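S.K.: Listed below, chain by chain, are the residues.
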Amino acid sequence: MTKKVDFSKTRSDGKRVAGQQDFGVPGSGGSDPMSGLQDIEHIPKSIGGQKSQPRGPHVHDRHITGTSIGKPTPLIDANWKITGQAKYGDDIRLPGELIAKILRSPHHHALVKNIDTSAAEALTGVVSVATGADSVNRFGVLPVTKDEHAMAQDKVRHIGDLVACVAAVNEETAIEALSLIKVEYEVLDSIHDMEEGLEDSEHPIHDRGKYHIGESNVQKRVFQQFGNLSGMENAAASSEADWTFAGVHHGFTEPHAVVAHWDPSGRLTVYSPQQVPHYLHRALSSVLDIPMHQINVHRTFVGGGFGGKSDPFPHEMCAAILARKSGHPVRICFDREEVYWINRGRHPSRIQMGVFADDEGRISGIETDALIDGGAFASFGHVTTYYNGVLHTSPYEIGGFHYTGARVWTNKPASGAMRGHGAVNSRCAVEVGIDAVSEQLGVDPMTFRLANLLPPHSRTITGFRITSTGMRECLAKVREQSGWDEKFRKMPFGRGIGVGCGFFISGSGLPIHWDPENFPHATVHLQCDMDGGVTVHTGAAEIGQGSDTAVAQAVSEVLALPLDMIRVRSKESDTSPVDLGSYSSRVTFMNANAAIRAAIDLRDKILKATWELTGYHPDQLVLGDRRVYYKHDPAIGVSWLQACHKAQADSGSLIATGSYRTPPMGGVHKGAAAGLAPAYSFSAYVAEVEVDAETGFVKVVKAWAAHDCGKALNPLAVEGQIIGSCHMGMGQVLSEEMKYGRGGNLLNPDLLDYKILSVHEMPEVIPIIVESNDPEGPFGAKEAGEGPLLPILPAVCNAVYDAIGIRPNELPLTPDRVHKLIEKKCKVMGIDEPMDLPNPSFTPSPLQDIIAQRADDHAQRDLERDLLKDRSSYVNGVLFGFDPDRPLSEQDEGWREAITPTQEDLVDDNKRAAKAWKHVERRYRGDA
Amino acid sequence: MRVPPFTLHTPTSIEEAMDTAGTLQADGKEFDWIAGGTDLLPNYKWHLNTQKDVISLASIKEMKTLSPTHIGAMVKLHDLVEDANSHPLLRQTAGNIASVLIRRQGTVGGNICLDTRCFWFNQSEEWRRSIEWCHKCDCDTGADCRVIPNQNTLCVATYQADLAPALMCLNASIHLISPSGQRTMLLNEFFELDGMKRNVLEDGEIVSHLTLPDDAADWHGKYEKLCLRESWDFPEAGVAVSWKGAGNELQGLRVATTGCESIPVFHQEQAEDALKNWQGKDSIKALGQAIKKEVKPVNNTYFPPAYRRKMLPVLVKRAIAPLFEE
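Line order of the protein sequences matches chains A and B.
Going left to right, the first sequence walks through residues 1048 to 1975 as the working numbering numbers them.
Going left to right, the second sequence walks through residues 46 to 371 as the working numbering numbers them.
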């Protein structure tokens, strides 16, 4: 039955009906029945639109209204930034604020014997002074490794470690007061080389009590052995390289800054440019000994994070402590060298990487020994130690995986999480190893990769669940667009081309501070009022990556509302549901999924109201540009506002909520959760370089960057992430490094000598978006923030080999390092002039055709699995003849799945991280 | 980080500047000169040898004169780059300095008198406290040099300005003025081998301008700069070469280097040797090797010293390459 709808509130004589207020002002989706309909080009074919779906339909298709998903969209907070009105950490000004400065350690490692602050306290203008005695509670981003304090307790662990802090009426006074604090130190021996950290020490940098590993500075050790390792011993081709990676820093524009304030009602508000406000919330609570509900964490605009603003930081605690002591708001803003002292950049690493292949051109094994330099604190290091191994178990199918990892403390600024967390260095080593192995086998490295990929809907050797993968398409696209087949090994000496792949988690399956059995990973609340606009409450931290825009787009898409009707409130913990923060590339996947669910909830209420108004069942109603209408006759319907008002009239309020949690997945071995994600992104890049053989300068001429992000919710933002990742990754491969001088001092804590590439060095990057349509991703989406960084490093290294025939194994490839390699090669070959070095060439072996055929067969296999025509199970090992439906260990006596090494595994004295396993934990020694 | 407070004096003529300097000297006050400030102010922020009084030369018009043979000390680097009448070698060299923003602020005189640089010196006060200071800014502790320990007589900080070698190759003269008078010398006599003293300037003395000989236009040249990035970076090594005549008829050859020692070096002897037995490219090879042998960089800048030295023959070769293209 159809009810007649009265669209107008005007009488037949044109006058307004008495007593009725018209909310329908122009632009708000008022009563204009002629507002635009659905954009049919953005509606998938599966639900009657025109958008093609080469990889089949998606579960979210029926929520697509053609409004904003997939359309290049400027970030919704961009105008705030470009007009200078965005308030970053140091832009927060509260009445009566004090400025605080931090006294830092001038020693690498020393006991703090005494601190005398009396002279500083007596200085006019100083309001309060705090030391470690004011805050004895420990904190740290990971619950298992809380090893930080607001300020030094008994010892300082690196130059720049926090000792005391002063709040004063202005910066000058605070600086002067610092010079009046007298600290007595007893200097201890310090450790700067990560290999020294493996040895027993008289004064380990931290004491882990009964969990301490020997008396060494080993903070974390990991061992994983999966598969049949005999394939490594009997390999037809092998590459074993000993890599050195310098530590690199995020190099974000905004230095750390914080404002803390205890308001008149006795609650604490902390304003900080945080990537992970919720962990700061928890840390503040435990450090200050106050309940979480007494704290409001306010995330300001973030001037770049990249992982460097994801720990709860000691200076944030200092500001809160000083604010409590002084009764005033307290502001702290770092100088640039303080940014380097707090660091949390990528770990300096020494990685021994073995890549092995059999005579059929299969990767029979990968053997990795990664020693990583954690600096003075644990930070995310526990996870980093796993990631250095487990994140190179895909995209390739491998016969065996042997990983030993160790993270040691040294007296340096702490390393932590940085874009591509833990995966970047070992990925570079693997991909260069694959290039070397391809060359030995006489096959094209592009074909070699294509013939060894894991298919969609498969499982890796350590048990990660691969859902969608666009790896094959990424490789195919960069191969074609870069002109690979015309260029590889065919360019003149000094010019080269190289390929590299990447694989990264799209959200961490197991949250750090959370019980996934009981709580969701992300929650989104929606609220709609009389004006018809929708307010989104989310805790996802917008750090410039576009998370506010992504969540607004998701809501806008389901509700068919223009983006300007969606308001995102994501800044304050008081008003936002808990979100775990912007790390491990989880926000788009988890938060947009939660937003879709919330929007569906809200939409259902709107449809119910429309049913009441129009008499058409929700199944027959469609949303399109601020209207809800009958799908067979768009003229019959109501405006969004009319439906809103009806829904509110019926239920008193129009609110909705949605959340996301990961499905159960992964193996059961210790460490199985590390690297586990609901989906993974894949990428393949080709870089073309010029190498000046006389000077060692490497210039990247052009890069083709294909990234599988599942579905580009916002292609503009995805392209921006790809290009930005290339810039950052190119910095690491070409020039960026934290340089430590004699005595262990950080020589370049500034942006002149920490060499971030300038516009001159930045080549043209062609971003290529590949959409693999992830079954569980929001509208099919996966991450695009970190994965795109990985492949550029090996692509450049492999291109350098193509250019001059030298495989580097030390990053960054600064001209002096490359020149040294060239000199060495000239000497070995007895050549005087570097320009006379031989240009590498390629002659395909008979294996080339065989693996090319296999790659073609696999392409067909993958397509069928993508479209779910083939639903058979697939695990890593099928390529080697295993039956995927039976435990692999039953099929092969040599199959191993071990997480602790045997004596036999540790016999090679040249392996570094393996040495960490020679220590016995105190609790097992019986002397603790 | 804050610049410590200082009194800024802004004379509008050289005469007034000399008066101001004289008065401060008479009062026993130490002071600094400031031209563009792109070198001095960052150093002040780092609290490197700061003074309570600073005399700015920015308002002195007569120091801004620019002609093909006369370059006022207060000529902006950017103006030198843009001036079509200036010597091409100077324009090309100046165009390599730092970035456009800095060139619009920095001056020719300031570039010539650039303070020497060192990893152990160009750091914040807190940083330097952690190494217990160094010889160049010892904060009254008598601290040793951190680059070459156990010697505190010589500072080995590196001179990393670009213009000097190019000007030397054009045989430029430098004109100095102080409350007690004026003097003029060849630019290659201006520098003094010590990272702290740096040049012959006495207290209260400034560079007023540089002049080029009348035959400067007959000299061609090129400057080659070794640095990691095309923008911002100081030279890790720099070579300027100039020549008169062409191909086999070479009449003159000059070479100067920067970024390798505490002062820029004019390699007169090596250039003369090369010219005497001129055999084209072979002579250049020998010249490059001779220069590599003469300079002794130390480990206090971004690139290791061995690499910087090894690059000198390459830079010489590339700087002189246009000679063979003509």
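No lab work stands behind these hints: they were computed from the structure.
Accuracy of the hints is not assured; some may be wrong.
[As the list claims (entries may be wrong)] Subject to a maximum C-alpha distance of 30 Å in a straight line, what follows is the list of computed DSSO-like cross-link-like pairs (lysine-lysine):
1. A:1746 with B:337
2. A:1193 with A:1092
3. A:1786 with B:338
4. B:341 with A:1867
5. A:1229 with B:337
6. A:1202 with A:1372
7. B:330 with B:341
8. A:1717 with A:1958
9. A:1872 with B:326
10. A:1092 with A:1958
11. A:1867 with B:338
12. B:97 with A:1867
[What the hints assert, rightly or not] Only some residues are given here: those of chain B computed to face chain A with a beta carbon under 10 Å:
13. 67
14. 69
15. 76
16. 362
From a predicted model like this one, the values you see are computed outputs, not experimental measurements.
Ideal Cβ placement from N, Cα and C applies to all residues, glycine included.
S.K.: Does each hint hold? Answer for all of them.
M.R.: Going through the hints against the structure:
1. For the suggested pair residue 1746 (chain A) and residue 337 (chain B), the alpha carbons sit about 26 Å apart, so the restraint of at most 30 Å is met.
2. The suggested pairing of residue 1193 (chain A) with residue 1092 (chain A) is violated, with an alpha-carbon distance near 52 Å, which exceeds 30 Å.
3. Between the alpha carbons of residue 1786 (chain A) and residue 338 (chain B) the distance comes to roughly 28 Å, so the proposed pair stays at or under 30 Å and holds.
4. Between residue 341 (chain B) and residue 1867 (chain A), the direct Cα distance comes to roughly 19 Å. Compliance with the 30 Å bound is thereby established for this hinted pair.
5. Restraint check: the Cα-Cα separation between residue 1229 (chain A) and residue 337 (chain B) comes to about 49 Å, which exceeds 30 Å; the hinted pair is violated.
6. Restraint check for residue 1202 (chain A) and residue 1372 (chain A): satisfied, since their Cα atoms lie roughly 24 Å apart, inside the 30 Å limit.
7. Pair hint residue 330 (chain B) plus residue 341 (chain B) holds up; C-alpha atoms about 19 Å apart against a cutoff of 30 Å.
8. With a C-alpha separation of about 23 Å, the suggested pair residue 1717 (chain A) and residue 1958 (chain A) falls inside the 30 Å cut-off, and the hint holds.
9. Note on residue 1872 (chain A) and residue 326 (chain B): the hinted pairing holds, with a Cα-Cα distance of about 25 Å set against a maximum of 30 Å.
10. Distance check on the hinted pair: residue 1092 (chain A) and residue 1958 (chain A) sit about 55 Å apart at the alpha-carbon level, beyond 30 Å; violated.
11. Among the hinted pairs, residue 1867 (chain A) with residue 338 (chain B) is consistent with the structure: their alpha-carbon atoms are about 19 Å apart, no more than 30 Å.
12. Restraint check: the Cα-Cα separation between residue 97 (chain B) and residue 1867 (chain A) comes to about 47 Å, which exceeds 30 Å; the hinted pair is violated.
13. A least Cβ separation of about 32 Å between residue 67 (chain B) and chain A goes past the 10 Å threshold, and the interface hint is therefore violated.
14. Checking residue 69 (chain B) against chain A by beta carbon gives a least distance of about 25 Å; that is not within 10 Å, so the hint is violated.
15. For residue 76 (chain B), the suggested interface contact is broken, since its CB lies about 22 Å from the closest CB of chain A, more than 10 Å.
16. A cut of 10 Å between beta carbons decides the hint on residue 362 (chain B): the least distance to chain A is about 8 Å, and the hint holds.
Violation of the numbered hints given earlier is confined to hints 2, 5, 10, 12, 13, 14 and 15; the remaining hints are satisfied by the structure.
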